[in-house]
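A.B. asks: Each protein sequence line maps, in turn, to chains A and B. By the numbering used here, the letter at position 106 of the first sequence is numbered 106, and the numbering carries on one by one without gaps. By the numbering used here, the letter at position 169 of the second sequence is numbered 1169, and the numbering carries on one by one without gaps.
These are calculated hints, taken from the structure and not from any lab test. The beta carbon of each residue, even a glycine, is placed where N, CA and C say it ideally should be. Treat the hints with care, since some could be wrong.
[What the hints assert, rightly or not] Listed next, the stretches of chain A that the computed footprint assigns to chain B, with coverage defined by at least 3 CB atoms under 8 Å from CB atoms of chain B:
| no. | segment |
| --- | --- |
| 1 | 19-26 |
| 2 | 296-302 |
| 3 | 307-319 |
| 4 | 339-350 |
[Claimed, not checked] Anything over 10 Å on all C-beta distances counts as not near chain A; from chain B, calculated:
| no. | residue |
| --- | --- |
| 5 | R1065 |
| 6 | D1164 |
| 7 | V1192 |
| 8 | E1214 |
| 9 | E1259 |
| 10 | A1356 |
| 11 | T1373 |
| 12 | N1417 |
[Claimed, not checked] Just some of the chain B residues that point at chain A, by a computed CB distance under 7 Å:
| no. | residue |
| --- | --- |
| 13 | V1024 |
| 14 | M1027 |
| 15 | S1028 |
| 16 | V1030 |
| 17 | L1034 |
| 18 | V1035 |
| 19 | R1037 |
| 20 | V1038 |
| 21 | A1039 |
| 22 | L1041 |
| 23 | H1171 |
| 24 | V1364 |
| 25 | G1368 |
Given next are the chains, with one letter for each unit.
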Amino acid sequence: MSRSIFSSIIATERNWANPAWLCVLAGLLLSIIGIYAIDIGERTIAPATAADLAPVAAKQLIFLFVGLLAAGLLALPHERVIRFLAWPAMGVSIALLIFLLIPAVPSWIVTPRNGVRGWIDLGPIDLQPGEFAKIAFVLAAADYLRYRRTHREFLGLLPPALIAGVPIGLIFLQPDLGTAMLFVPSVFAMLLVAGARLKHLAIVVLAATLAAPMAYPFLKPYQQQRILGLIAQVRGDQHARDDMNYQAYTAQMLIGAGGTTGIPDAKSRAVIRFARLPERHNDMIFAVVVNRFGLLGGLAVAGLYMLWLAGALLSAALCKDPFGRLTIVGLSAFIAAQAAINIGMNVGVLPIVGLTLPFVSYGGSSMLVVWIMTGLTLSIALRPPPRMARPSFEFRD
Amino acid sequence: MSKSTRATPARPGAITDRWALFVVVMMSLVLLGLVARVAQLQAAPPEGLVPFLSDRQSRADLPGRRGDVLDRRGRVLAATRFGVRVFVDPEEFAVKDKELNLERLARVLGQDREAVQAKVSAAMIANEKAKEQAQSTGEKPRLDRVIFLTPDVIDEATEQAVRDLRLRGVHLERREVRSVVGGPIAERLVGVVGFEGAGLTGAEARYDEKLQGEDGEFRFVRDSRGRPLWVPLGGVTPPSAGRDVRLSFDLEIQRILDEEVNRGVIDADAQGGRGVILDLATGEVLAMSDVRRTLPDVVEYDWLTVIPKDKGLGGPRYLTIKPDENASNPRNRVVEDVYEPGSTFKSFMWAAALEAGVVRLDEVFDTGGGRWTTPYGRPIADVVRRGTQNWREVLVNSSNIGMVKGTSRLTFEQMRNAVTKFGFGSRTGIGLGGETAGIVTPMSRWTKYTQTSVAIGHEVAVTPIQMVRAFAAVARGGELAGLLPDVTLLAKDPGATSEAGANGKITLLHRVLRADTAAATRETLRGVTHKMDENLKKATGEEGWRYELFGKSGTAEIPLGEPPKGKRRPRGSDGYFKGQYNSSFIAAGPFEQPKLVCLVIIDDPGPERIARKQHYGSWVAGPVVRRVMDRSLAYLGVPASAKPTGDGVGHEGD
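From just these sequences and the hints, can you work out the full model?
C.D. replies: Below is the structure:
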């Protein structure tokens, strides 16, 4: 009996040779680059050993181990267990997101950062429910879409939109515009893969594009400034360089200074420290990496994301189970979109929104979540394909 | 079955695969695009970013100290220290409290508040204009960002006071300051170092390459305030100091010469005086003196008056020393101004005639009682009137008639070659700026008249430095006798052990006379100084000189020189300041083993001297040379001459 319970929870049959290992490899390399870059931004002298790392970099190293542990644990259970957890996870996430917004919560539990009520203070680490909501959303949406075809009708897009809309709205209210926006590519990717009609989605995109300028007046002043700053910068207007666009200019300056192969460690540390790059171990870490390793470093980071994506999408393609396939696609969309947007704002082609660079940026929740994503991908990929499986989402029309 | 037709695809997984591929390709393109943007930021950064990319890399020069200029005994003539100058960057200078800050700055610097404000404000306004203009043209504005408030370096206390003000936009520039010790003459010889640290005049220019230190370099990454924050490996190249240059000058002999020339000028109520001392063995210039006096009764020549030939003492006393074009950089008249040597020149022509074999030492010349007319009708007169004189006596008595008769036996070519062989008409190449070559009539215009004039030191223009060089050929004893030395500004003692003393070998130019001719000339010239010593004893009672000298006096009217621009020599003028003289004496000693040669020229002895007929070289310049030589030789530790002179012993032909 106990054996049967065990075997029903822990997957025993394994497909060890699977492409999801590429995700693990890419994630690991990106994380290591990130820890080094965090240290660059913190200290002026290169550490001799891991024990010499700057406190935040050391902390990030611990987060990496925690993340790896989480990923390993997630690879154990049967996919079915994960699916059972989808909706409870969604419920907890939404509850936490609501909890964040309750004004009565004392500020030692929810400390607004830059005006954003996005973190729950848990002592050594801060929990960012918005990050975990991503996973919960993907699992829930995948579970919802897995055997359906209603979403092939235009109105049938409403339920998945609602599943995405609740966390998006709650996160938007924090207000964390960047994280909220990330749900959009994910939901679209999942719908597309689940067989939603392109023209329906195109109509949605078109409507959203037309509606976007109307949303501008509802944005917070600082959000408006970010957009104005980008416009000013694109037009070559220099006057905002020292205030509105300072962060963007400094990041671009550091990227430009990196050259083809970067600048030596000690010099890079000095330059970054005294350029006073804001959020240098966080949102702007890509600028640090390129400053240190140059264009080649930038290419390497982009290549590692491609590697992660390739591993995940290959796993998705090989996965016959619709839930697994949708989950991987949803998670991949999060990682890909987040990386692209973050790099875009570092190089000055997108407005600066608070988004971390997956695996690389400092942050416990962020690290844990990307590794959970990697773990889920691996878990799904480790499942041997059922001997008799109906192909997912193959519709005639 | 209908279920299976709905669900069974033609190609399993086709849609998903297509989407997966699409996503991968799109994502690749997006990431590549972003990386391309990275490349763009690096290869062709937007204009606004460019200053940020490059400006954070800075370079500072670490100035290498310039070597010292030393005298021949290692005493410092010019040394370098570092000082600071204050400048304001109007672009950085805080607009807030501008007036107050400028006032504080002006107070600390001890300057006029309004002057400082005007200076800075003018620059600020000019910069604003430049910015406006640049905005309309789209070019980068040229801003004036360095406004010096102190042209010279400030003292340390002021420097600290400026630092304590801690004003934004007020900077200190570290720079070399050259201090010259040893008085105005040393200043002129040593010369000036420009703001860029390069020698501009004098020895500083001549030996610039050696003196220049090598600047070091300091490369660093700076923060936004310009402070160095990171220095790359090998970013510091330490500066190296320049080498010291030891000049030939001897500060002590220089002091003696200055003192005595000054005394001579005042004694003679003259407008000025010049002196130069050469080491006979090495050709080193030991001292140079150029004294000028402002006299109330002296007037500038107007280039209109024809000065009457028999002007006598009644007429105006004209300024005979041309004023400097640039008062801050006065001429060194020892190398830059020519004069007519007069009788001092006879020594050379006398020796040339002897060398050519056209006269014998004991050959007797008919000097016609002091009056004679040349075959072509030019009257010649002597001061010492004799019926007959031998060739030795011709020189001792400075007989014009004898000199003209003797040298007329030389061909024009022989005569002119002798002049140029003695180094006249060509620069000595001593290396001081502005040296003139003097004037020797070209062969094509050499006439009988020239032959006569040159024999008695007229119709030639020479510099004092040329004179001592030529006289050295006569005066040098031993194996160097008759050889023209290469005059030099560098110390060249062969026994020097210090590094600074290794200035190369002594160089010789060429042979001018046979050694025996030189010896005969020396021997004869001894008589001249004997006479001079006697005169001196009579005039001032000075006697008991330690060293026996040999030399020659000369007195010549001062030429008008080149007229200034737009002026011409008036018609009927013979080109001389009539009744105004350059009285000179050139001598070497001690006779037994000549060591030094000294020339002193007294420019325009006063009318009183002329009235007493004591304006001649042997009266006004001779005693100066006498004193200078006696003191200098004693200072050098030269043993006194065996036969004290002044008693007429060894005085020949008189």
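A.B. asks: Report the numbers of all earlier hints that the structure fails to satisfy, in ascending order.
C.D. replies: 1, 23, 24 and 25
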